Each structure stands twice: as C-alpha cells, then as structure tokens.
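S.K.: For the record, the sequence lines run as chains A and B.
Per my numbering, the first sequence runs over residues 1 to 115.
Per my numbering, the second sequence runs over residues 116 to 230.
No wet-lab data here; the hints were simulated from the structure.
A quick note: this is a predicted structure, and the numbers were derived from the prediction, not measured.
Any given hint might turn out to be false.
[To be verified] Covered stretches of chain A, as calculated for chain B (at least 3 residues, CB under 8 Å):
hint : segment
1    : 37-48
2    : 88-99
[Unchecked claim] Calculated cross-link-like contacts (lysine to aspartate or glutamate; reagent style EDC-like; alpha-carbon spacing at most 16 Å):
hint : chain 1 : residue 1 : chain 2 : residue 2
3    : A       : Lys44     : B       : Asp198
4    : A       : Lys44     : A       : Asp86
5    : A       : Lys103    : B       : Glu160
6    : A       : Lys44     : B       : Glu120
Cβ atoms here follow ideal geometry from the backbone N, Cα and C, with glycine treated the same way.
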Amino acid sequence: EAGVAQSPRYKIIEKRQSVAFWCNPISGHATLYWYQQILGQGPKLLIQFQNNGVVDDSQLPKDRFSAERLKGVDSTLKIQPAKLEDSAVYLCASSLRRGQGEKLFFGSGTQLSVL
Amino acid sequence: QKEVEQDPGPLSVPEGAIVSLNCTYSNSAFQYFMWYRQYSRKGPELLMYTYSSGNKEDGRFTAQVDKSSKYISLFIRDSQPSDSATYLCAMSAPYSGAGSYQLTFGKGTKLSVIP
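Bound conformation, chain B alone (with noise of 0.2 Å):
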C-alpha cells in the first residue's frame, strides 16, 4: 500500500460544478496537508495548507482534513475552466533527524473544467 492514494483521474465537470478532489494516506505520522495546483508544463503552486483536522476556506476553495479516516479533500465551487489542472495532494511527516521532514505527493488528478 502507497502512503498516499490519489485518484489520476481524469475528471471533467461543466463550468460552475462542484468539484470535490480527494486522497487518502496510511501513515499517521503525517502533519501537514496541502494541496498543490499544476498546471500544464509549469511546476506545483501551493494553493492551501492545513495542520489540523476539519475546514479551510480560501475563497473557493475548501480543504477538509479527516486524521481518523486519514482521508483529506479539496472542493473547489463555481468551477471555472482557469481551474483545469493537474491537483496535488502533499502531507509532511517528521524524517529521522531532529528538525527533518519528508513531503509526500500524490499521483494527482487531472481536472478538466468544460465552459
């Protein structure tokens, strides 16, 4: 079992849907959640954080982290076709030595956003 699972997708929705991206992840160690956003040819942009479990919102956008299920989500509202990308899950766990950590990402899903 990978320690993060991501669905590649792909995923096509019309322009204004609900999107809801999702991973999941098997070590409980992990503290940090993010999502990254990449577009084609270009490298991943943070798009939001967490440390904790429950919500965030950042204008559209809302991360929702569950450390009981070890399930972590990404809704994006009002999609629009600006948003069509490649989404990274990434969560961060303390490495060996004091003050190292290693960030994992996942595989990715590839959103399509239909106008």
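The shape of chain A in the complex, shown without the other chains (with noise of 0.2 Å):
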C-alpha cells in the first residue's frame, strides 16, 4: 500500500515570498489533514478536510495560509506572504474516516525554512 505522497520535501525562501506544498493522501482515505511541526515541539493541526469540504480550520492563519482540495484526492496548502516564524515541517496526513480512534497515515512532511 502506497503511503502519503508529499512535495517537495525542502524548500527554502525569503520572508514574504509565497510557497505551496503538495499532498497525495492514502487512496481511498476521506479524511486529509494538514499539520505544522515546529522544531522541538509536537504536530499542530492546521487544517482537517473531508472529501472536499473543511471540518476545521480554527488554528489555520488565514491572513496568510490557504488549502484546498480539489476532487476529494490531492491537497495543496499555500503561505502568502510567508514570515520568518512559518519555518518548520508541514505535515500532511490521512484516515480512512473521521473519527477519535481513526488511524492517522503521516508523510514525511516538507521542511520550509523561512530567511
């Protein structure tokens, strides 16, 4: 079984530029999430989706953070205009339903470093 697909797995930008990283979750998993790590700290929900619909989104800085998901499949999470305090890895996850005892699928993440 192929896992979560993500890209790129770097990248690197000036403050204020913009970036987007690209999620192909587990075939057939309705529930996509996407998750900020900082360094030395636990994953920080950003964004739940299921199939193509936002479940939640209260921790996601709107002023600057968008995600989509198109068709139920792929996601895509843009920062525009990025900061300094954006550098971490960016999780993306998936389950095959939503739901406390679900099983969370991680990829390994992009790591973005902010100069």
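Hints in hand, dock the two standalone chains.
M.R.: Below, the structure is given as structure tokens:
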C-alpha cells in the first residue's frame, strides 16, 4: 500500500515570498490533515478536510495560509506571504474516516526554511 | 499550563534496557490516548492507542493510562538501537461541533538506544 506522498521535501525561501506544498493521501482515505511541526514541538493541526470540505480550520492563520482539496483527493497548502516564524516541517496526514480513534498516516513532510 | 506536558529529554539508554516515557495532561475531556514514533526526517507513525484506563501490550511495548492521575506512559522492554527515535504522546477530545475532535500532541521525547 502506497503511503502519503508529499512534495517538495525541502524548500528555502525569503520572507514575504510565497510557497506551496502538495499532498497525495492514501487511496480511499476520506480525511486529510495538514499539520505544522516547529523544531522541538509536537505537530499542530492547521486544517482538516473531509472529502473536499473543510471540517476544522480554526488554527489556520487565514491571513496568510490557504488550503484546498480539489475533487477530494490531492491537497495543496499555500503560504503567502511567508514570515520567519513559518519555518517548520509541514506534515500531511490522511485517515480512512473521521473519528477520534482513527489511525492517522503521515507523510514525510516538507521542511520549510524562511530566511 | 499546557494541555499536554512531555519531557523532551534527550534520553539515552543502553541496549536491552527498559525505557519509560511519560506524559501528563490537564484536559479531563481527553478520551483517546496514543503514542507515535517519529524517526529523523520522517512523519510520525502510530505505535499504540488506548481508550480507557489500564494497560495495553503489543510485543515489547506497553501503554498505560491512569485517567485519575491524568498520566500516561509507554514502556519499551529489551530496547533496541532501532527504537532510537522521538516518541510523541497524543490525545483527542471532542471539539466544538458534533462529530469533531481535536488531537493534541506532546512535544516528544528523543530516545537514543546505545548498542
């Protein structure tokens, strides 16, 4: 079974530039998550999709971050403009269904450095 | 006080030792308790999860939950160099609307098992 695919693996940009990350979840997984993991911290949920609808984006800085999941499969996360504090690993995860006991499968993440 | 507290370590043990990893929490609404393992430059992978107080065993791993003390533990017996990773505790609770839940991660404990 193929895992969650993410690209790019690494990205270096200057502050105020824009950047986009791509995620392809495990086939058949209805729920998709974007997490931000700052060095030395646990992952923090940014946004959760159920199929192509947003379930929870309460912790997404909407003035600069946006995400979409077209056709309920692939997803992109965009930051525009980037700030220094956005330097982190951006993890995409998927699960078969939405629910407290559901197992999340994570991709390897995109490491973003904002200079 | 943060909702989930986890000692970041680092923790270094000799091969074959018993490892004890712990988290405390303050939110009584947490219902599911999980342990994720994260290797360097990889996404977290679910190791174990429990719903109720008590112990759950899987091979060399034992997860323990004490809801009265708001304390969870992960024990690793006969530790191996391949167990060297960061271990993240995670907990979920219902959140706002019906059917929604929020997963909160600890900071993670970095473990090194020395051959």
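S.K.: Compare the structure with each hint and give your call.
M.R.: Checked hints:
1. For the segment 37-48 of chain A, the assignment as covered by chain B holds, since 6 residues bring a beta-carbon within under 8 Å of that chain's beta-carbons and 3 suffice.
2. Interface restraint, the segment 88-99 of chain A with chain B: holds (4 residues with C-beta to C-beta distance below 8 Å; minimum three).
3. Distance hint between lysine 44 (chain A) and aspartate 198 (chain B) is unfulfilled; the C-alpha atoms sit about 24 Å from each other, more than 16 Å.
4. Between the alpha carbons of lysine 44 (chain A) and aspartate 86 (chain A) the distance comes to roughly 13 Å, so the proposed pair stays at or under 16 Å and holds.
5. A C-alpha spacing of about 9 Å is found between lysine 103 (chain A) and glutamate 160 (chain B), which places the hinted pair at or below 16 Å, so the restraint holds.
6. Among the hinted pairs, lysine 44 (chain A) with glutamate 120 (chain B) is consistent with the structure: their alpha-carbon atoms are about 14 Å apart, no more than 16 Å.
Going through the hint list in order, the structure does not satisfy hint 3, though it satisfies all others.
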